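Residue numbers (the working numbering), protein chains in the order written: chain A, 1 to 354; chain B, 1 to 354; chain C, 1 to 354; chain D, 1 to 354.
In case anyone wonders, no lab produced these hints; they're calculated from the structure.
Just so we're clear, the structure is a prediction, and the values are computed from it rather than from any experiment.
Be a bit skeptical, because a hint or two may be false.
Claimed, not checked - Here are the simulated PhoX-like cross-link-like pairs (lysine-lysine), alpha carbons at most 20 Å apart as the crow flies: (1) C/LYS168 - D/LYS319; (2) C/LYS168 - C/LYS318; (3) B/LYS200 - A/LYS318; (4) D/LYS200 - D/LYS252; (5) A/LYS2 - A/LYS80; (6) A/LYS200 - B/LYS318; (7) B/LYS168 - A/LYS318; (8) D/LYS319 - C/LYS200; (9) C/LYS168 - D/LYS168; (10) A/LYS168 - B/LYS318; (11) B/LYS135 - B/LYS221; (12) A/LYS319 - B/LYS76; (13) A/LYS80 - A/LYS141; (14) B/LYS221 - A/LYS168; (15) B/LYS168 - B/LYS252; (16) B/LYS76 - B/LYS168; (17) C/LYS168 - D/LYS221; (18) A/LYS168 - B/LYS93; (19) A/LYS319 - B/LYS200; (20) C/LYS200 - D/LYS318; (21) B/LYS93 - B/LYS141.
Unchecked claim - Simulated coverage check for chain A against chain C, where a stretch passes if three residues somewhere in it have a Cβ under 8 Å from a Cβ of chain C: (22) 246–256; (23) 261–275.
Note that CB positions come from ideal geometry on N, CA and C, so glycine has one too.
Protein chains: 4
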Amino acid sequence: MKRIKVAVMGCTGLVGQQFVKLLDEHPYFELAALTSSSRSAGKGYGRALNWAVGGEIPEAAREMEVSETAVDALLKSQVKVVFSAVPAFLAEKIEHLLRAQGLFIFSNASTHRMDEDVPILIPEINPGHFALVRKQMSRHKGFIVTNSNCSTSGLAMVLAPLEPLGMKSVTVTTFQSISGAGRRGLAAMDIAANAIPFIKNEEEKMEGELQKILGQLDRHKIVSRNLPVNASCCRIPVREGHLLSIVVDFLKEVDVGDVEKALSNFSSVPQALKLPTAPERPVIVRQEEDRPQPVLDVHAGQPERARGMAVTVGRIRKKARSINLFALVHNTVRGAAGTCLLSAELAFQKGLVH
Amino acid sequence: MKRIKVAVMGCTGLVGQQFVKLLDEHPYFELAALTSSSRSAGKGYGRALNWAVGGEIPEAAREMEVSETAVDALLKSQVKVVFSAVPAFLAEKIEHLLRAQGLFIFSNASTHRMDEDVPILIPEINPGHFALVRKQMSRHKGFIVTNSNCSTSGLAMVLAPLEPLGMKSVTVTTFQSISGAGRRGLAAMDIAANAIPFIKNEEEKMEGELQKILGQLDRHKIVSRNLPVNASCCRIPVREGHLLSIVVDFLKEVDVGDVEKALSNFSSVPQALKLPTAPERPVIVRQEEDRPQPVLDVHAGQPERARGMAVTVGRIRKKARSINLFALVHNTVRGAAGTCLLSAELAFQKGLVH
Amino acid sequence: MKRIKVAVMGCTGLVGQQFVKLLDEHPYFELAALTSSSRSAGKGYGRALNWAVGGEIPEAAREMEVSETAVDALLKSQVKVVFSAVPAFLAEKIEHLLRAQGLFIFSNASTHRMDEDVPILIPEINPGHFALVRKQMSRHKGFIVTNSNCSTSGLAMVLAPLEPLGMKSVTVTTFQSISGAGRRGLAAMDIAANAIPFIKNEEEKMEGELQKILGQLDRHKIVSRNLPVNASCCRIPVREGHLLSIVVDFLKEVDVGDVEKALSNFSSVPQALKLPTAPERPVIVRQEEDRPQPVLDVHAGQPERARGMAVTVGRIRKKARSINLFALVHNTVRGAAGTCLLSAELAFQKGLVH
Amino acid sequence: MKRIKVAVMGCTGLVGQQFVKLLDEHPYFELAALTSSSRSAGKGYGRALNWAVGGEIPEAAREMEVSETAVDALLKSQVKVVFSAVPAFLAEKIEHLLRAQGLFIFSNASTHRMDEDVPILIPEINPGHFALVRKQMSRHKGFIVTNSNCSTSGLAMVLAPLEPLGMKSVTVTTFQSISGAGRRGLAAMDIAANAIPFIKNEEEKMEGELQKILGQLDRHKIVSRNLPVNASCCRIPVREGHLLSIVVDFLKEVDVGDVEKALSNFSSVPQALKLPTAPERPVIVRQEEDRPQPVLDVHAGQPERARGMAVTVGRIRKKARSINLFALVHNTVRGAAGTCLLSAELAFQKGLVH
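Work out the full structure: start from the sequences and follow the hints.
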C-alpha cells in the first residue's frame, strides 16, 4: 500500500509535536513536510524545538528541515494532506487557500469549526458527518475537516454513548491541564500551586461545539442537538489531561449500571475498521473509588498507537434523576492531534484522500 | 477586661497551628495550655512541630510545654475553653468527658456535628443556633459547639445570603487543597502534578451538614433545610484554599446583579458586634474575569486579625434559571480554626463562656 | 519629617510590585509616580496588574494612574528618587537620562552594575561603596546605585560575614524559584514538576558581581575581591525564594561553631542606624536538620517592614577544610526591591537624597 | 531457553512496581511470585496497589496473588532468584535467611551493601566485583548482590568513565525527586512548591558507597577507592529523576572535549553481552544549553527495555582544573530496580544463577 504524503503545519507547538509523534511509521501516511513560523524555518526539526511530548523525536523527523508556513512551500512539498496545528488567526489566513489548491486539511484550529459545510469530526461519534466534505468539494478542490475543542472532545465521548438513555441537560466543571494553553501560553508564576477559574472562550466552545458534534445530518446539513450544557472551566497545575466533573440529568431515572454498560460497550466505526489510531475501547470505565487521575490515566488506550485516545470514566454515582461522574481526556491526543489523525484515517479508508 | 484561659487540643496539626496563630494576643482569650499526642508531649511547642501556617510561631506559645491530650492535664491547666483540633476518633473519646467537667468545647472534629443538641455554628449564618447549648448545659455542665466541614463552610457562606432569592437546588464541584488532608494526610507521590477526584466522606458531609447549618431553630430543635445539594469533590495540588464551582438553580429567574448585591451586602451578627476575628465583609465579590484564585485570594479578609475569614466569589454568570459562580474559602481558617474561634468570641460576648 | 517623593519605574512586574508594597506608609519616602509600558499606561494601578506579591495592593497606590515610562513623565511628577524595576534593555535607554536630570536612581536592572563609578550596594556589606556616587555627581547631576543579581545577594550575605575566617574559594549550586524569571518569564509547561539546569547569564553574574560587592574602596575606585567562585544555576518549581547549596573552602581549618557565630552575629550599618527596612538580624542560622526551606523561611526578617530581608542559613557542616551550608534568600525582596530600598534609606540618612 | 523463576519481594512500592514492569516478558526470567506486607497479602496484585510507574500493570502480574513476605512462602513458590525491594529493616530480617536456603538475592535494600563479601554492583562499572559472590557461596548456599543508593548510581555512572582522566575530588549537590522517598514517604504539604535540603543518610551513602563501587578487587576483597566526595542533598517537587550538579576537580587540567568523549564513548560488559536491560549508550551527553531536565530526559535509554537506564549529562563546563556538569538519573530504574535486574542478567549470562 502506497502511503500518502502529509505535512504538519505548526509543527513546533505541543499539538504539532503530537502529530509528528503519532505519524511516526504510520501505515497510511508519510510525513513529508513540516512548517512553522519564520523563527524556526530553515532549521532541522530537532533543533527547532524542545521535544515535550515524551519519548524521543522520531528519527524520520529529526533532521527534516522546517519550512515557513506558507501555501507555496506546502504545494512544493507535494503533500496531499495537511494536519494543521497553527493558531486560529493563522488558520484563518491559510487553510482556505490550501483547500482551494485541492489539499485535504485536518485542522485543530477553531477557525472553521462552525462553518456550515465543515464537520467537527469525532469518528466514533459522528462519522456520517463526513458527508459534509462533498459539499465543500463541490465548491472547492479540497476540504477542511476539524476536530473539536479539547475539553469538548472528552465531554462528547462520554455523552454520545448515553444518548439512548435520554438526556435532559448537562452540567460540567473542568480541571484543565497547562498543556491545553500551549507550549508558552501560560506563565509559570500564574499557575504554580494555583488554580485559575477562567479559560477564554472555553465554556462557550464546550456548550456550542457539542451541539454540532451530536447533531443529525439532514440533507447535507447538520441539525443541532440542542442539549442544554452548562460549563465552568478552570485551569489547574497538571501537565497533561483534562479532568471533567460531569452531571447528566436524564429525562427519566437511569441506574449506574445502565450508564456503565453504555460507556463500556461503546464501539463504533473506527473500531470496526480497525483504524491504526483507534483505541480498542474508546471509553474505559474504572471501578476504583479514586479514578480517573491525570497522572495515572492520561495515556489510556490500546494498542500502543492509540495511547491517549481512550477516555477514562470513574466514580459514576446516582443522585435522583442525575448521574454524576468524572472523566479524563488526553487534551493534546484525543482532544487534538489524535482525533484529527483518526479522521484522516477514516477518510483514507473511505477513499476520500488519495 | 480579664481574658479567659483557653487550651488548644491537638496543637501540632495544621488546624491546631491556625488556632495558636489566631489566638496570638487575642483580646478575649489567653492561651494557657497546648495538648498533643504523646510523641510531642513534654516538648516546648516550638520544638514539637514544623510551623507551617506562615509567619513565626507566636512568642507566647513558642516555649510553652505541650502536654498529652487527656482530661486530667486540661483540668489541671484551669482553662475554661478548649479549642479542639484532634482527629474524629480522639474527639469521640475525650470531648464529652471535658464537657461533663464543665468545659466549653469549640471543636473542628466531625464527631458531634450531627448530635441533636450540638450546633454546627457559622456565626454569620446561624448565630441563633447557639440556643442549643442551653439544652446541652441542662444535661451536662459544659457544652460542645462545632464548626462545619471545610468545604461546607465555603458553600454555606455563599448560599446563606442567597436564601431570600429562593433556591431550588445546588450543584457543586470542589477543587480542594492538600492542606485539607492535614499535615501528613496526603502522600506527595499521589498528588504531585495530579488531581484526585475522591475525598472520603466529603461529598456526604457537604450535602448533609449544609441542611443543619441552614436549618431553622424551632422550639430548641433544628429543622433541616432540605435543599438538594449534589457535590463532587476533588483534590488538586494547591497548598491552601478550597475553590468551589457552584451552580444554583433558583425557583424563579434571578439576575447576576441580584446575586452580586446579596453577596456583597451580606453582613451579620459578628460584624455588628465587631467580633475580633470577624471580617468586615464576610463575602467579597471580585469583578476580574479570572478570580478567585487560591494563591491570590486565600488570605482575603480585613482587618489583619480576620485574614482568611472572607470568602471570595467571582465569575457570577447567569444560565437560564441558574447562576454559576466560583467561590474560594480558606480551608483551615474560615473552614476550621477561624470559624471555631469566631463562635467562641460570640459566646464570650453573649456571656456564655466566662 | 518631610517625606521625599519617589517613583517606581516598571511598576507592574514582580519587583515593581515589591517596591510598591515596601513603600506603603514608608517613613522616608512617599510614592508619587508609577510608570510602566504603554500597555498599562493610563490605567489605575489596581487595574493594570494581577497583584502577585501577597496581601492587598496598598490603598495609596490602588487608584494612582500609571504613566508610560519616559523622562518627561517622571520629571513632571516632581519625584527626586526613582526605584527602577525595568528590564535591562530599557534601563539602558533611560536611567542615564534621568541621572542627567538630577534624579537619584536605585536600580534593580543589571545595566550599570559594572560601571566603574556605580556601586552594587548591599548596605550591610559595603556601605562605604556609597562614596562612588560622589564621583558620579561630579559629572552628572544625579546618581545611579544598583543592587546585585538576586542569587548573588544571597551568596554575598553569607560570604561577607565569613571574610575574617579567610576564604580560599567557593562552589555554589542554586535552586532558583520561578519568580526570579519575572511575571511572565517562564512558561508553565517548561517548569511544572521539572527542573531546568540553566539560567541565562546567571552563573556569570554570580561569579562577577560578587567580586565588586566584596571589593575594597581604594581612592574612589573599587578593587575587586578576586575570590574564585564556581556557580551552577538551576530553576525549580518553587514560587519564591532562591535556595543555595554553598561550599566554602577556607585557607585554614575552621569549625562549624566559628561559622555559626560569624553569621549569627553579623550586624552592620543598617542595623545600627535602625533603617526602616533593615532586619534586626540580617542572617538567621537555624538549628533544625532540614532548614532553610523556601515555603517556611522565605519571609524571614523582623520587624514586619523587613519581612523577606533576612537570609536564612542551615545545615552547616564541616568537611576537611570546607564548610557546607544551605542558604535561602527572598529573591524579589532581599535579592531585588528590598535591598534597593535599603540603599535609598541609607542615602536618606546620609543626606545624599533630599 | 528455559526462563528462571523469580520473585519480587516488596512488590507494591515504587521500586517493587518497577521490578514487575521491567520483568514483563523478560527473556531470562519468569515472574512466579509476588510478596508484600500482610496488608496486601491474599489480594490479586492489581487490587493491592495503585500502579504508579506508567503504562498498565503487566497482564502476567495483574491477577497473580500477593503472598506475605516470608521465607516459607518464597520457598514454596520454587523461585531461584529474588528481587528485593523491601525496606532495610525487613531486609535485615529476611535476606540472609533466603540466602541460607540457596536463593540468589538481588537487593535494593541498603542493609548488606557494606558487607565485606557483598558487592554493590553496577554492571557497567564493576562487573568484576561479582567475584565476591563466590566467597559468599563458600559459606552460604546462595548469595546477595546489592545495587547502590539511587543518587550514588547517577554519580558513579558519571565518575567511572572519568577515572582515566585522573580525579582529585568531587563536590555534588542533588535535586532529588519525591519518588525517591517511596510511595508514601513524603507528605504533600511538606514538599508542594517547596524544596527540603535534607535527606536522611543520603549524603553519607553517596560519599561512602561510591568508594566501594569504584574500588579494586584484590584477592577477593575490595580495596576502597578513597576519592574525596562532598555531597549536599535536597528534595524538590519533581516526580521522577534525580538531577545532580557535579564539580570534579582533576589532578591536572582536562578539557571539556576530553570529558565529553569519555562519557559518550563509555560502554562496558552489559553492552558487549547485549544484556536485555542494558542501554546501548549508558551515558548520553546532550549539547543543548538547558539539559538534562527530569521531565524531558528521565526515560533516556534505548532500546525500549532499557528506558530509564541511561544517565543523561549536559552543561559540561570547564573552570580552572575543575569540570562542572549536570547529570540526571532515573532513581527507581537506573538507581534501583533496573540496575538490580541488569546484575541478575549478568549473573544469568555467567551461569551464576540457574
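Now the hints, each set against the structure:
no. : hint                : in the structure
1   : C/LYS168 - D/LYS319 : 15 Å, holds
2   : C/LYS168 - C/LYS318 : 15 Å, holds
3   : B/LYS200 - A/LYS318 : 17 Å, holds
4   : D/LYS200 - D/LYS252 : 35 Å, violated
5   : A/LYS2 - A/LYS80    : 13 Å, holds
6   : A/LYS200 - B/LYS318 : 17 Å, holds
7   : B/LYS168 - A/LYS318 : 19 Å, holds
8   : D/LYS319 - C/LYS200 : 17 Å, holds
9   : C/LYS168 - D/LYS168 : 17 Å, holds
10  : A/LYS168 - B/LYS318 : 19 Å, holds
11  : B/LYS135 - B/LYS221 : 10 Å, holds
12  : A/LYS319 - B/LYS76  : 50 Å, violated
13  : A/LYS80 - A/LYS141  : 12 Å, holds
14  : B/LYS221 - A/LYS168 : 39 Å, violated
15  : B/LYS168 - B/LYS252 : 9 Å, holds
16  : B/LYS76 - B/LYS168  : 51 Å, violated
17  : C/LYS168 - D/LYS221 : 39 Å, violated
18  : A/LYS168 - B/LYS93  : 48 Å, violated
19  : A/LYS319 - B/LYS200 : 18 Å, holds
20  : C/LYS200 - D/LYS318 : 17 Å, holds
21  : B/LYS93 - B/LYS141  : 17 Å, holds
22  : 246–256             : violated (count 0)
23  : 261–275             : violated (count 0)
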